[in-house]
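Here the protein sequences line up with chains X and W, keeping their order.
Going by our numbering, the letters in the first sequence line up with residues 1 to 424, in that order.
Going by our numbering, the letters in the second sequence line up with residues 1 to 424, in that order.
Possibly wrong hints are sitting among the right ones.
Pairs involving identical chains hold if they fit within one copy or between any two copies, as the list cannot separate such chains.
[Claimed, not checked] 25 Å max Cα-Cα, derived SDA-like pairs, lysine to any residue: (1) K27 x R64; (2) K27 x Q56; (3) K27 x A55; (4) K126 x R64; (5) K214 x E407; (6) K126 x P146; (7) K196 x G212; (8) K126 x R24; (9) K335 x A305; (10) K196 x E222; (11) K126 x G148; (12) K335 x N306; (13) K27 x S59.
Because the hints were derived from the structure by calculation, they are not lab data.
Quick caveat, the model's predicted, so the values are computed rather than measured.
There are 2 protein chains.
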Amino acid sequence: MPRLVMKFGGTSVGDIQRIHRVARHVKREWDAGNELVVVISAMAGETNRLIELTAQVASLHDAREYDSVIATGEQVSSGLVALALQAIGVPARSWLGWQIPIHTTSAHGSARITEIETAELERRLKGNEGRERQVVVVAGFQGLAPDGRLTTLGRGAGDLTAVAMAAALKADRCDIYTDVEGVFTTDPRIVAEARKLSRVTYEEMLEMASQGAKVLQARSVELALVYGVRIQVLSSFLEPERITPMGSDPTAGIPGTLVCKEDEIVEQHVVSGITCSRDEAKVTVRRVPDKPGVAAEIFGLLADANVNVDMIVQNISEADKTTDITFTVSKGDLKNAIKALEPALAHMGQASVISDGRVSKISIIGIGMRSHTGVAKKMFETLGERSINIQVISTSEIKVSVLIDSEYTELAMRALHAAYGLAA
Amino acid sequence: MPRLVMKFGGTSVGDIQRIHRVARHVKREWDAGNELVVVISAMAGETNRLIELTAQVASLHDAREYDSVIATGEQVSSGLVALALQAIGVPARSWLGWQIPIHTTSAHGSARITEIETAELERRLKGNEGRERQVVVVAGFQGLAPDGRLTTLGRGAGDLTAVAMAAALKADRCDIYTDVEGVFTTDPRIVAEARKLSRVTYEEMLEMASQGAKVLQARSVELALVYGVRIQVLSSFLEPERITPMGSDPTAGIPGTLVCKEDEIVEQHVVSGITCSRDEAKVTVRRVPDKPGVAAEIFGLLADANVNVDMIVQNISEADKTTDITFTVSKGDLKNAIKALEPALAHMGQASVISDGRVSKISIIGIGMRSHTGVAKKMFETLGERSINIQVISTSEIKVSVLIDSEYTELAMRALHAAYGLAA
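Input sequences plus hints: build the corresponding full structure.
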């Protein structure tokens, strides 16, 4: 029988009425005969309330106690969803991370899933051994450490639980219900013409998630890519009964966006999406000696300070045998980055650091870039025509990112969206 | 080393400040070198909030899902208490019911403890095998069913967890922290002269709990009696540092009330306490045929309807070979009781039912009654002098209960309190 994982985020179970709507989404798929795993996040606001409680008790957490407290959010919502399903005649039971178990590392607060035991869940899904088959409702975001204590997988890791369950149980699709209709060509709040994509590749989705799109957690997309889990992103606010239930072809009749392998996408775009990130700060180390080992020292110091560096550019040498090194970090890391560089500056004579937080990173992303030329050129031309100065460039196989003055963010995005023909 | 179980109820952990005070109570005992098990209830109001959530989702509960949701209250508070202890330098970890495990029956919502695994807890308490010893913080009220699902033990069963832990770990004492200073001769809100008892026997405490005193749950007292667990009832609002920590004599220097065996009580009272219960309703079945099997039929019907009958009295036969049977039930059961009697009335000719909800049950309780005569006589005299009519009487070895018009409740209690010399 077709097997489907359905994941509902915190806003989708934010109150009792919404929990009942979630149950109707599940009932639709149940009535169609699908085997169902339903992954539930904590009710919106609940995780923050619990974090706040632990913060009020002690500023320095024991991460094991923290996880034990925080994991209750999903324990409550998964129980409530199971009750809501039973109330409309759908057999269901909730499963906590430790009951399945979802084994994880002992890295409390951001544990990694190591193994999911599926034998008992298979029996429940199929209804083996004379048992009635039932919906498996899973408390997302949580697992069991080797020493028997509760772990959590990190913020937003409800998606990760869903994809991991889909991989372990070889589900035909993993539907991620959220508060938007799917994956868009760009942020519709900035570009009115933004259009929902019907399909997007794992690689594009991964770049989008990494470059600022918040619709899916990057770790989950990575996992889906590795295990070939088809993901659909769709809105939980659609009327449940107006959606076509999954049938024998899990790629057919979907209202959201399907994240899948390249060969499942017929209509290929050169550029599929445009993202922006305003959480960038630019740091330039000026007049550093242009000799071997200097870059290694600078980025070694940053790594030691746990500062994540994104874009890097190094100018050619000046006449005085010095050069400039420019890189970007997240705004939150800027202070730490500058402090981390102090030891290097101390012995580099004339070197100095300047920084700028008023920058945005704009990225164009598309799997078609691999086989098309001139994609980057069109980006630079489009920005040039609007007199938008490009400060730093970085590229990957399917992405071109530029750093620009943040004043021009919206202008640049609208111009690029039109230039690549992304409007409907 | 002396071993102590400390139990804190919902009001004692009702907010962050109170949780820190709980930690100071525990630190006092830790600093004195005691081995400590700390049992925690859900923060005040939290269990009701969770019950309300499940009730909003579905009026008919799956008790297994209900338990999974409700058990989160203690999961949160036990984690917070462990964090608060760590913050003041007391090594501690929280233990959930399933982690210990506390094995229970599968009677969800009111499960019975069947076994507590203690080997690992013993190691933590003693600090065996090179490990630092630590405080064992236990989430009260919850356990693990044979099929691996979460159970809860019923309302107020945090006390039960504490006494069961004390029994399993052979603790020297079990301190129940609550919002009153101890066990009183009677309700101080009714009788201003009510006095805190320094010691009371299990048997007396059991009668008090059953006859309306709310300070300890009756099931917990029963368990303490069976396993000989010394209980102290005391207030969590006392300044933690003003209490003397437990030393080698667990009956010495206690600020609350010690519930213990008869032979640990030097100064014996004939009557130790007076309780009242207003949750009574009186039912009289009039003019029932006075022949064998009639009482069996009436009380059989009530038992089938799950109506708990307390006091029973039957008059002598009238000239017409009929009699009256009077009994009491809790007010909440009154409707069900009357309905349950319908089949009997149908074939009993002239029989009819009358009921009265304006009654109170007043009980005098004292282990000394076993060896003293005239105790009941003094009660009847005292009430008679105030023209208080006694409607029903029932007695046990250490208790006399009377049913009176509820208008006279306070008058009766004050008169009896004085008559038995219970004031300081």
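Against the structure, the hints come out as follows:
1. K27 x R64: between (36 Å within a copy, 21 Å between copies)
2. K27 x Q56: So K27 and Q56 pass the 25 Å test across copies only (19 Å; inside, 41 Å).
3. K27 x A55: For K27 and A55, the Cα distance is within 25 Å only across copies (21 Å; inside one copy 39 Å).
4. K126 x R64: between (35 Å within a copy, 21 Å between copies)
5. K214 x E407: within (22 Å within a copy, 67 Å between copies)
6. K126 x P146: Between. Shortest inter-copy distance 23 Å satisfies the 25 Å Cα cut-off; intra-copy 29 Å does not.
7. K196 x G212: Answer is within: at 17 Å inside a copy they meet the 25 Å cutoff, but 65 Å across does not.
8. K126 x R24: Intra 21 Å, inter 53 Å, cutoff 25 Å: intra-copy only.
9. K335 x A305: Intra 11 Å, inter 72 Å, cutoff 25 Å: intra-copy only.
10. K196 x E222: So K196 and E222 pass the 25 Å test inside one copy only (21 Å; across, 66 Å).
11. K126 x G148: between (29 Å within a copy, 20 Å between copies)
12. K335 x N306: within (12 Å within a copy, 69 Å between copies)
13. K27 x S59: Cα proximity of K27 and S59: across copies only (19 Å, versus 44 Å in one copy).
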